[in-house]
Amino acid sequence: AQTVTQSQPEMSVQEAETVTLSCTYDTSENNYYLFWYKQPPSRQMILVIRQEAYKQQNATENRFSVNFQKAAKSFSLKISDSQLGDTAMYFCAFMKDNAGNMLTFGGGTRLMVKP
Amino acid sequence: KAGVTQTPRYLIKTRGQQVTLSCSPISGHRSVSWYQQTPGQGLQFLFEYFSETQRNKGNFPGRFSGRQFSNSRSEMNVSTLELGDSALYLCASSLFGSTNYGYTFGSGTRLTVV
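Going down the list, the protein sequences come from chains A and B.
No gaps in the numbering here: position 26 of the first sequence is 26 in my numbering, and each next residue is one more.
No gaps in the numbering here: position 4 of the second sequence is 1004 in my numbering, and each next residue is one more.
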């Protein structure tokens, strides 16, 4: 079974600054996918970024980028130029390859962006 | 294009009752998954349906069941409700059978059991 751990229950950052959210996971799989989801107060989970484990290049989506360290089983999210709208819960998630659509989530990090 | 629609948004039930929650996926999406979100246990996978067949099931008791219709709409049912079933139930849909592209989630149904 897979486990996903987010060691920072809460974080805060000043607007326009950069923040990094941590995520580690444990799996015996070699092929898998990793995701970061954002859950604002509206409750809807929104996909922020995804990473294929077979790709060494770190994924980037505008202000969001990841640092994927496969050997260390680490998958951190960096948010640059933080905006007030980035305030939300952030969840790291794991999905096995070719095993259907089943995500294993971490416990989440509550991010507060301060003006 | 309409997103994933979950109804109702809020629900209050009494312990021992049963409840049915509905999820309408994005048009054309064939995979629907359900998750339970609670403060104590976090987000936990319930089950996944693809083309009307249950493909994966999480570690939940048999009181939790689901189904998917030919139009891909899905329902989940919880029988003999317990206080611990109070949670946000999230539905997610995907076009493909294996969504390494990530799901689209609905806004959830908040179930309160009293």
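Some clues are possibly wrong.
Stated by the list, open to error - Simulated restraints on C-beta separations: (1) A:R110 / B:F1096: 41 to 51 Å; (2) A:S42 / B:T1020: 16 to 26 Å; (3) A:Y54 / B:Q1054: 26 to 36 Å; (4) A:T3 / B:P1039: 38 to 48 Å.
Claimed, not checked - Quick partial rundown of chain B residues pointing at chain A, CB under 10 Å, derived from the structure: (5) E1052; (6) R1055; (7) F1064; (8) S1065.
What the hints assert, rightly or not - Incomplete in silico selection of chain B near chain A, CB under 10 Å: (9) R1015; (10) S1022; (11) S1033; (12) N1056; (13) F1060; (14) P1061; (15) G1062; (16) V1114.
These are computed hints drawn from the structure, not numbers from a lab.
If you're wondering where the values come from, they're calculated on a predicted model, not measured in any experiment.
No residue lacks a Cβ here, since even glycine has one placed at the ideal position from N, Cα and C.
Should the hint that G1062 (chain B) touches chain A count as held when the rule is a Cβ pair under 10 Å?
19 Å, violated
A closest beta-carbon separation below 10 Å is what the hint needs, so does N1056 (chain B) meet it against chain A?
5 Å, holds
If I claimed the Cβ atoms of R110 (chain A) and F1096 (chain B) lie 41 to 51 Å apart, would that claim hold in this structure?
At 31 Å between Cβs, range violated.
Could you check the hint for me, namely that T3 (chain A) and P1039 (chain B) are 38 to 48 Å apart, CB to CB?
Taking Cβ atoms as reference, T3 (chain A) and P1039 (chain B) lie about 19 Å apart, which means the hint is violated.
Hint check: 10 Å Cβ-Cβ cutoff, S1065 (chain B) to chain A:
17 Å, violated
Satisfaction of the R1055 (chain B) interface hint, Cβ to chain A closer than 10 Å
5 Å, holds
Interface hint for V1114 (chain B), Cβ within 10 Å of any Cβ on chain A:
With a closest approach of 21 Å, the V1114 (chain B) hint is violated.
Assessment of proposed distance window 26 to 36 Å (beta carbons of Y54 (chain A), Q1054 (chain B))
29 Å, holds
With chain A as the partner, please determine if F1064 (chain B) meets the hint condition of a C-beta pair closer than 10 Å.
Hint violated; F1064 (chain B) Cβ to chain A Cβ min 15 Å, cut 10 Å.
Answer holds if the nearest beta-carbon of chain A is closer than 10 Å to that of R1015 (chain B); otherwise answer violated.
Interface hint status for R1015 (chain B): violated (24 Å vs cutoff 10 Å).
Using 10 Å as the Cβ threshold, decide whether S1033 (chain B) counts as touching chain A.
5 Å, holds
Assuming the hint says 16 to 26 Å, is it satisfied by the Cβ distance from S42 (chain A) to T1020 (chain B) or not?
24 Å, holds
In the structure shown, a violation is registered for the earlier hints numbered 1, 4, 5, 7, 8, 9, 10, 13, 14, 15, 16, in ascending order.
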